[in-house]
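Let the hints inform the model, and build the full structure from the sequences given.
Number of protein chains: 2
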Amino acid sequence: MNNINSIGYEISFQNSLNQLISFIDNSSYTKFFILTDEITTVHCLPALEVRLVGRTYDLIEVSAGEECKNLDFCIGVWKMLIDFNADRKSLLINLGGGVVTDMGGFIASTYKRGIDFVNVPTTLLSQVDASVGGKTGVDLDSIKNIIGTFTQPKAVFIAHEYLSTLPERQILSGLAEMLKHGLIKDQAYWNDLKNSDLSLPSAELVYRSVEIKNEVVIADPHEKGIRKALNFGHTVGHAVETFSLDNDKRSLTHGEAIAIGMVCESWLSCKKSGLSQNELDEIVGVLMRLYPKYNLQLERADEIITLMRKDKKNEGNKINCTLLVSIGNCLIDQICSEDELRESLEFYAGL
Amino acid sequence: MNNINSIGYEISFQNSLNQLISFIDNSSYTKFFILTDEITTVHCLPALEVRLVGRTYDLIEVSAGEECKNLDFCIGVWKMLIDFNADRKSLLINLGGGVVTDMGGFIASTYKRGIDFVNVPTTLLSQVDASVGGKTGVDLDSIKNIIGTFTQPKAVFIAHEYLSTLPERQILSGLAEMLKHGLIKDQAYWNDLKNSDLSLPSAELVYRSVEIKNEVVIADPHEKGIRKALNFGHTVGHAVETFSLDNDKRSLTHGEAIAIGMVCESWLSCKKSGLSQNELDEIVGVLMRLYPKYNLQLERADEIITLMRKDKKNEGNKINCTLLVSIGNCLIDQICSEDELRESLEFYAGL
Ligand SMILES: NC(=O)c1ccc[n+]([C@@H]2O[C@H](COP(=O)([O-])OP(=O)(O)OC[C@H]3O[C@@H](n4cnc5c(N)ncnc54)[C@H](O)[C@@H]3O)[C@@H](O)[C@H]2O)c1
Ligand SMILES: NC(=O)c1ccc[n+]([C@@H]2O[C@H](COP(=O)([O-])OP(=O)(O)OC[C@H]3O[C@@H](n4cnc5c(N)ncnc54)[C@H](O)[C@@H]3O)[C@@H](O)[C@H]2O)c1
Ligand SMILES: [Zn+2]
Ligand SMILES: [Zn+2]
Numbered sequence: 001m002n003n004i005n006s007i008g009y010e011i012s013f014q015n016s017l018n019q020l021i022s023f024i025d026n027s028s029y030t031k032f033f034i035l036t037d038e039i040t041t042v043h044c045l046p047a048l049e050v051r052l053v054g055r056t057y058d059l060i061e062v063s064a065g066e067e068c069k070n071l072d073f074c075i076g077v078w079k080m081l082i083d084f085n086a087d088r089k090s091l092l093i094n095l096g097g098g099v100v101t102d103m104g105g106f107i108a109s110t111y112k113r114g115i116d117f118v119n120v121p122t123t124l125l126s127q128v129d130a131s132v133g134g135k136t137g138v139d140l141d142s143i144k145n146i147i148g149t150f151t152q153p154k155a156v157f158i159a160h161e162y163l164s165t166l167p168e169r170q171i172l173s174g175l176a177e178m179l180k181h182g183l184i185k186d187q188a189y190w191n192d193l194k195n196s197d198l199s200l201p202s203a204e205l206v207y208r209s210v211e212i213k214n215e216v217v218i219a220d221p222h223e224k225g226i227r228k229a230l231n232f233g234h235t236v237g238h239a240v241e242t243f244s245l246d247n248d249k250r251s252l253t254h255g256e257a258i259a260i261g262m263v264c265e266s267w268l269s270c271k272k273s274g275l276s277q278n279e280l281d282e283i284v285g286v287l288m289r290l291y292p293k294y295n296l297q298l299e300r301a302d303e304i305i306t307l308m309r310k311d312k313k314n315e316g317n318k319i320n321c322t323l324l325v326s327i328g329n330c331l332i333d334q335i336c337s338e339d340e341l342r343e344s345l346e347f348y349a350g351l
Numbered sequence: 001m002n003n004i005n006s007i008g009y010e011i012s013f014q015n016s017l018n019q020l021i022s023f024i025d026n027s028s029y030t031k032f033f034i035l036t037d038e039i040t041t042v043h044c045l046p047a048l049e050v051r052l053v054g055r056t057y058d059l060i061e062v063s064a065g066e067e068c069k070n071l072d073f074c075i076g077v078w079k080m081l082i083d084f085n086a087d088r089k090s091l092l093i094n095l096g097g098g099v100v101t102d103m104g105g106f107i108a109s110t111y112k113r114g115i116d117f118v119n120v121p122t123t124l125l126s127q128v129d130a131s132v133g134g135k136t137g138v139d140l141d142s143i144k145n146i147i148g149t150f151t152q153p154k155a156v157f158i159a160h161e162y163l164s165t166l167p168e169r170q171i172l173s174g175l176a177e178m179l180k181h182g183l184i185k186d187q188a189y190w191n192d193l194k195n196s197d198l199s200l201p202s203a204e205l206v207y208r209s210v211e212i213k214n215e216v217v218i219a220d221p222h223e224k225g226i227r228k229a230l231n232f233g234h235t236v237g238h239a240v241e242t243f244s245l246d247n248d249k250r251s252l253t254h255g256e257a258i259a260i261g262m263v264c265e266s267w268l269s270c271k272k273s274g275l276s277q278n279e280l281d282e283i284v285g286v287l288m289r290l291y292p293k294y295n296l297q298l299e300r301a302d303e304i305i306t307l308m309r310k311d312k313k314n315e316g317n318k319i320n321c322t323l324l325v326s327i328g329n330c331l332i333d334q335i336c337s338e339d340e341l342r343e344s345l346e347f348y349a350g351l
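Chains as they are written, first to last, in full-length UniProt numbering: chain A, 1 to 351; chain B, 1 to 351.
Keep in mind that a hint or two might mislead.
One copy or any two copies: either way a pair holds, since identical chains are not told apart in the list.
Derived BS3-like pairs (lysine-lysine); straight-line CA-CA distance at most 25 Å [as the list claims (entries may be wrong)]:
no., residue 1, residue 2
1, 89, 318
2, 310, 31
3, 89, 224
4, 154, 224
5, 272, 224
6, 89, 31
Note that these hints are calculated values from the structure, not bench results.
From a predicted model like this one, the values you see are computed outputs, not experimental measurements.
Right under this line is the structure:
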């Protein structure tokens, strides 16, 4: 597993924590800051700390969870950076899941108009997805990632060992993106996944997922075109995720929501873009076996559709989806009507 | 006065408001938003409104003044953009002084990871300075511009007519940067300024100032080197400005603070970088004639120096200044000790 070259930086997979230490030792940063959440401080910082012995850094910890991915927490971290006299040649090391890497990336990209940062993604989701693409951001008023920048990290260090402490539900959350990578671009990979033990996907499966995402991102860094392929499952999924965050005591993970989105958008694909009934059945079978059924409140479907309309990927009043032609092939910019989207929610609810 | 080419965009000076309308009419944006403050709504919006007849746009107004250049106001504007369903192909038109153009630029550069914006600077300061360079940002905890991005506008429209309603104190504020442009790069321009009626600098003088700033910025867009020339007067000036914002009922304008900073840093130049006593006297004479004397509280000089240390332009613990070699020539990255900086404040206080 060689390092993967992304946009101006490398993603390492082997001995990654040692590679991070080399990166630090060979750099000329004036100060180092590590951003964690309260859980990665416990589970992930120790493996880094033993390697950092003798080096000086400051730790900044935020609370864990999507509820904390907001501007209030950014302000807290910015103030700590100010208090620690972080200058323009400081490095921020984001150690955590997608919340920490997205928010830390945004914080770094706007502190003093931009300081360098590296990501050490510690969840499956952040390893296979947030690790590539340069998207940083935070939520506002429960609209996900509505405030952010496109800024590449200076490096990404993926350590498979971190996944060993990850709860099953978080593994499943990342797995949804891996399945998506197969569905949109690589039928063989989809088959590999289908036939693997997915309670802890192997390092090789993680690697292939990052490769696929990286190919798509490099072809279209600013999401003007083909990169929208990665939105498969996300038009419906994001809206369901936001709805769940606002309404459920125990809200859906990103991957659980995307799995629902992929069921709905596969149904739309079958209706609109040529996905065969057989392939639809196969996709729905795999997803419904892996993910618990969510109680979609159909009487509130309008609220979910309103959330889709506010999605930042839309232009004007159209609702845009990426749909499948077959497993491994997709089409971007497929306009779906509100009725079609409502029907797709009904399809899911009726399963 | 031809348009000036800056980094990927043009700055217009002639019939600028009509040029803005052409820009709008020839574009393919889905929505237009105009950001004003309560004063530019009164003084500057009407001239635009008459030209906008028949076109659709939404107005977003913030309160006026540096106290409003903060994240709370950003959040307010971001929420309005969300409510107005602003999508990624929306255009934000910032109509106001440096507060509106800096904050509006930051808001646009981070909303949905970046939408386009154009600036219509309506103060002298924003015309000769904030119009070039791609710096966006807001203050946090009274640290100026500590949060922001480097993002270029799509165009800048400079209308000299807007200066007619500007209070004298605001004219003087912009004038300080024009004098700075002469001091660091163009002795002839300094002499022109010295011999002009400066109660309302002519369009030609404004134009030359933008030209000088643009040359410096193009040579070094990310402030890695020569662009630091523009920091002349700003190491001391920014700190005095922040101190005044925190302590004075009627706080200094940016230009008044920079004028103080230029006196102090000219004194440092005479001491350290070869500025002659004659030229020091000339500079001090012009600045003290134009700007009211500020009552620097020397017993609190330490607080001002602490603010200099927190300045985002510093690296590590060094305090960096741009100093003059002669009128029209400068040197960047001149390290000054805290004692030297304190003495320069004493020099000003003793004038
Ligand atoms: N930038 C991108 O391209 C991109 C892509 C996908 C998702 N995201 C974002 O990522 C976020 C979701 O990512 P996530 O699921 O990693 O969220 P997360 O960061 O909230 O992590 C999930 C939970 O796992 C905990 N955790 C992290 N590492 C652990 C470990 N090694 N062992 C045990 N527990 C651990 C965290 O503390 C948290 O409680 C969302 O905000 C989403 O918007 C961004
Ligand atoms: N981005 C840059 O490169 C850059 C450069 C210099 C200054 N700045 C920033 O600009 C700000 C200062 O700029 P400023 O002095 O323009 O501040 P400002 O925007 O606060 O304007 C000063 C006052 O003049 C009013 N005003 C604006 N246009 C007017 C008009 N035509 N007639 C009457 N009143 C008018 C405003 O409402 C305000 O009350 C600071 O925040 C500074 O950090 C940025
Ligand atoms: Zn996703
Ligand atoms: Zn200035």
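So, going through the hints one by one against the coordinates:
Proximity of residue 89 and residue 318 under a CA criterion of 25 Å is satisfied inter-copy only: 13 Å between copies versus 43 Å inside one chain copy. In this assembly of identical chains, the alpha carbons of residue 310 and residue 31 lie at most 25 Å apart only when taken from different copies (14 Å versus 40 Å within one copy). Only between protomers do residue 89 and residue 224 lie at most 25 Å apart by alpha-carbon distance; the minimum there is 11 Å, versus 32 Å within a single protomer. In this homomeric assembly, residue 154 and residue 224 come within 25 Å of each other (Cα to Cα) both inside a single copy, at 23 Å, and across copies, at 18 Å.
With identical chains, the CA atoms of residue 272 and residue 224 are at most 25 Å apart within one copy only, with a shortest distance of 23 Å there and 52 Å across copies. Taking the closest pair of Cα atoms, residue 89 and residue 31 come within 25 Å of each other only inside a single copy of the chain (7 Å); across copies the shortest separation is 38 Å, beyond that limit.
Taken one by one, the earlier hints all hold for this structure without exception.
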